[in-house]
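Could you put the whole structure together from the sequences, leaning on the hints where they help?
2 protein chains.
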Amino acid sequence: MEIKNKYVTIKTNINAAPKESDFEIKVQNVSLIIESKDVVVKNMFVSIDPYQINRMKSQSSSQGTISFATAISPGDSIDSYGVGRVLFSHRPDFKKGDLVAGLLTWGEYSIVKEGSLLNKLDPNMGFPLSYHVGVFGFSGLTAYGGFFEVCKPKPGEKVFVSAASGSIGHLVGQYAKLLGCYVVGSAGSQEKVNFLKERLGFDDAFNYKQETDLKSALKRCFPQGIDVYFDNVGGRMLEAAVANMNSFGRVAVCGVISEYTNATTRAAPEMLDIIYKRITIKGFLAADLMNVYADFLSKTVEYLKSEKLKTIEDVSRGVESIPSAFIGLFNGENIGKKIVKVADE
Amino acid sequence: MEIKNKYVTIKTNINAAPKESDFEIKVQNVSLIIESKDVVVKNMFVSIDPYQINRMKSQSSSQGTISFATAISPGDSIDSYGVGRVLFSHRPDFKKGDLVAGLLTWGEYSIVKEGSLLNKLDPNMGFPLSYHVGVFGFSGLTAYGGFFEVCKPKPGEKVFVSAASGSIGHLVGQYAKLLGCYVVGSAGSQEKVNFLKERLGFDDAFNYKQETDLKSALKRCFPQGIDVYFDNVGGRMLEAAVANMNSFGRVAVCGVISEYTNATTRAAPEMLDIIYKRITIKGFLAADLMNVYADFLSKTVEYLKSEKLKTIEDVSRGVESIPSAFIGLFNGENIGKKIVKVADE
Numbered sequence: 001m002e003i004k005n006k007y008v009t010i011k012t013n014i015n016a017a018p019k020e021s022d023f024e025i026k027v028q029n030v031s032l033i034i035e036s037k038d039v040v041v042k043n044m045f046v047s048i049d050p051y052q053i054n055r056m057k058s059q060s061s062s063q064g065t066i067s068f069a070t071a072i073s074p075g076d077s078i079d080s081y082g083v084g085r086v087l088f089s090h091r092p093d094f095k096k097g098d099l100v101a102g103l104l105t106w107g108e109y110s111i112v113k114e115g116s117l118l119n120k121l122d123p124n125m126g127f128p129l130s131y132h133v134g135v136f137g138f139s140g141l142t143a144y145g146g147f148f149e150v151c152k153p154k155p156g157e158k159v160f161v162s163a164a165s166g167s168i169g170h171l172v173g174q175y176a177k178l179l180g181c182y183v184v185g186s187a188g189s190q191e192k193v194n195f196l197k198e199r200l201g202f203d204d205a206f207n208y209k210q211e212t213d214l215k216s217a218l219k220r221c222f223p224q225g226i227d228v229y230f231d232n233v234g235g236r237m238l239e240a241a242v243a244n245m246n247s248f249g250r251v252a253v254c255g256v257i258s259e260y261t262n263a264t265t266r267a268a269p270e271m272l273d274i275i276y277k278r279i280t281i282k283g284f285l286a287a288d289l290m291n292v293y294a295d296f297l298s299k300t301v302e303y304l305k306s307e308k309l310k311t312i313e314d315v316s317r318g319v320e321s322i323p324s325a326f327i328g329l330f331n332g333e334n335i336g337k338k339i340v341k342v343a344d345e
Numbered sequence: 001m002e003i004k005n006k007y008v009t010i011k012t013n014i015n016a017a018p019k020e021s022d023f024e025i026k027v028q029n030v031s032l033i034i035e036s037k038d039v040v041v042k043n044m045f046v047s048i049d050p051y052q053i054n055r056m057k058s059q060s061s062s063q064g065t066i067s068f069a070t071a072i073s074p075g076d077s078i079d080s081y082g083v084g085r086v087l088f089s090h091r092p093d094f095k096k097g098d099l100v101a102g103l104l105t106w107g108e109y110s111i112v113k114e115g116s117l118l119n120k121l122d123p124n125m126g127f128p129l130s131y132h133v134g135v136f137g138f139s140g141l142t143a144y145g146g147f148f149e150v151c152k153p154k155p156g157e158k159v160f161v162s163a164a165s166g167s168i169g170h171l172v173g174q175y176a177k178l179l180g181c182y183v184v185g186s187a188g189s190q191e192k193v194n195f196l197k198e199r200l201g202f203d204d205a206f207n208y209k210q211e212t213d214l215k216s217a218l219k220r221c222f223p224q225g226i227d228v229y230f231d232n233v234g235g236r237m238l239e240a241a242v243a244n245m246n247s248f249g250r251v252a253v254c255g256v257i258s259e260y261t262n263a264t265t266r267a268a269p270e271m272l273d274i275i276y277k278r279i280t281i282k283g284f285l286a287a288d289l290m291n292v293y294a295d296f297l298s299k300t301v302e303y304l305k306s307e308k309l310k311t312i313e314d315v316s317r318g319v320e321s322i323p324s325a326f327i328g329l330f331n332g333e334n335i336g337k338k339i340v341k342v343a344d345e
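If you're matching them up, the sequences are chains A and B in order.
Numbering-wise (full-length UniProt numbering), the first sequence opens with residue 1 and increments by one.
Numbering-wise (full-length UniProt numbering), the second sequence opens with residue 1 and increments by one.
Hints listed in this document are in silico derivations from the structure and should not be mistaken for laboratory results.
One or more hints might be untrue.
Identical chains share a label here; the pair holds if one copy fits it or two copies do between them.
[What the hints assert, rightly or not] Straight-line alpha carbon distances no greater than 25 angstroms define the calculated DSS-like cross-link-like pairs of lysine-lysine that follow: (1) 341 / 310; (2) 154 / 282; (3) 299 / 310; (4) 26 / 4; (5) 152 / 282; (6) 282 / 219; (7) 282 / 215.
Shown next as structure tokens:
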């Protein structure tokens with residue numbers, strides 16, 4: 001018994017901005033005579049995240065030698081967080097028809113090995129299934145845990161979020177507002193700026209592409225300085241944020257999208273600021289924040305139900321749309337969480 | 001009643017490596033008809049520290065706008081930690097002849113205002129007076145507090161110290177050895193390298209001036225990676241240390257001497273390392289570490305008495321030697337704590 005699985009792979013390692021010709025759609029036959037501990041999942045929604053580019057780099061590139069999450073080689077299927085329905089399972093804990101979230105692949109089907117992340121979803125939770133890819137998935141956990149655990153914010157503090165209309169940024173800004181912080185976001189278009197201020201309640205926002213001097217832009221938005229910077233971009237913005245930071249300021253480095261596709265764009269913050277203002281810069285991964293998952297989930301469910309929190313999704317359709325959805329992340333095309341709907345519910 | 005006070009000042013703001021012609025020795029008349037809360041101190045030993053250069057920069061320079069410790073203007077006397085003897089005091093807590101340590105000046109006499117740092121010394125402590133400028137002063141506290149409080153080291157961890165033969169570095173390395181860490185230092189001459197390994201018990205050391213690739217040098221010295229980096233230099237060394245760091249590595253930024261006199265030499269560490277290895281980079285000042293002072297002092301006294309800790313001093317003599325002593329810090333001339341002995345005891 002076999003099924004045909006259409007999936008996305010890279011044709012070659014990618015060391016610059018990704019483009020359509022770097023990807024191809026392949027079809028493979030998947031045997032359903034599977035090992036007893038495997039679970040076959042029919043994918044419904046898959047997550048499209050900028051960090052994946054770092055796994056696609058060639059090992060010989062300057063950033064390729066950094067040992068992070070498993071590298072992706074040309075031809076490999078590309079794993080990614082997602083939501084689907086169990087198609088086949090020998091395991092007692094998963095049966096055909098179960099809704100699941102976990103480490104799936106950019107394709108129509110996923111074979112989830114034992115030990116790999118897979119959780120059953122409660123079909124009666126009362127939220128769209130796609131929420132389990134975004135706000136209840138790693139984007140939400142990263143935003144919540146990164147903000148509360150890494151930044152250690154206090155009500156009234158001044159919070160800056162870059163890539164603020166992105167999958168994580170738009171949640172961080174809202175969590176910060178809910179805590180009682182003054183919140184400013186940066187984004188790459190006037191539409192996004194308006195969105196942050198009018199729809200999400202940011203105190204202020206600016207279009208970084210329209211600013212000739214990021215330090216001055218931040219000085220204008222933060223006359224009292226920045227206490228917390230949730231960094232999604234790195235590069236010149238990180239330098240400008242450090243220059244505007246208050247004493248004992250904290251930078252949580254969640255991502256550095258401006259550096260992912262250009263290894264020569266590296267932030268060189270003024271170290272005298274870091275010393276004299278006792279600034280902390282801390283990199284983190286959501287995987288280290290599982291200790292706050294229960295708290296994150298209960299708070300987030302409550303905020304969503306009471307409409308204190310909005311989650312924004314940007315959904316494309318079909319496996320074929322995955323490469324352009326991914327490429328779009330680096331061109332600032334998405335507002336909110338980028339998701340591809342692979343199959344209907 | 002007046003005394004003549006010979007003191008050092010700057011002729012102009014200094015925005016590059018300091019040179020003799022930037023300084024001058026002046027003489028002023030000091031009235032001993034002082035305000036009731038002032039204390040006149042005859043200086044004996046004064047501390048010579050690299051960070052003072054940051055206070056001498058012009059406010060219009062790129063680093064001059066950073067708001068740190070009071071700027072020094074041409075003609076001003078230059079305050080500095082030191083040890084002396086009370087010459088005149090109306091205050092009941094200080095009387096003529098008392099030995100004191102506190103914020104004195106680069107000169108023969110200091111007028112210490114109420115509220116400024118001044119502490120009486122116990123003349124029976126059994127250590128040379130100069131120790132109160134170095135190992136019992138801010139150098140020691142910075143080394144101890146910066147290492148234990150900021151780096152949070154554990155026995156067995158791999159510790160890298162730059163400027164390791166300097167006032168703070170040579171103590172950090174020894175505290176790390178006493179904790180049971182593997183310790184490597186960098187310094188700027190073979191003599192210093194030998195000194196670290198043979199006299200201070202460092203596990204390894206290297207001369208950064210002889211290395212063509214700092215990343216490779218650190219890889220050679222740390223085959224198991226770096227857990228803690230106590231940074232005194234910034235620049236390329238910080239980049240190389242981050243590249244060699246283990247997961248959850250910590251960088252305590254104490255000073256960045258390579259960046260003090262050249263604002264264009266700014267560390268641009270690979271941010272992907274900082275994220276994926278969850279590295280923390282933290283600037284700190286000794287003034288924030290007063291909570292560990294009692295612990296620091298009792299441990300350090302015990303280590304010195306039992307000869308588990310060596311403190312190294314590099315002492316010049318006379319007010320006239322202060323400029324060259326200071327300039328020498330930036331040329332790597334000193335081994336250990338640089339002190340100028342202004343007057344005999």
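For which of the previously enumerated hints does the structure constitute a violation, in increasing order of number?
none
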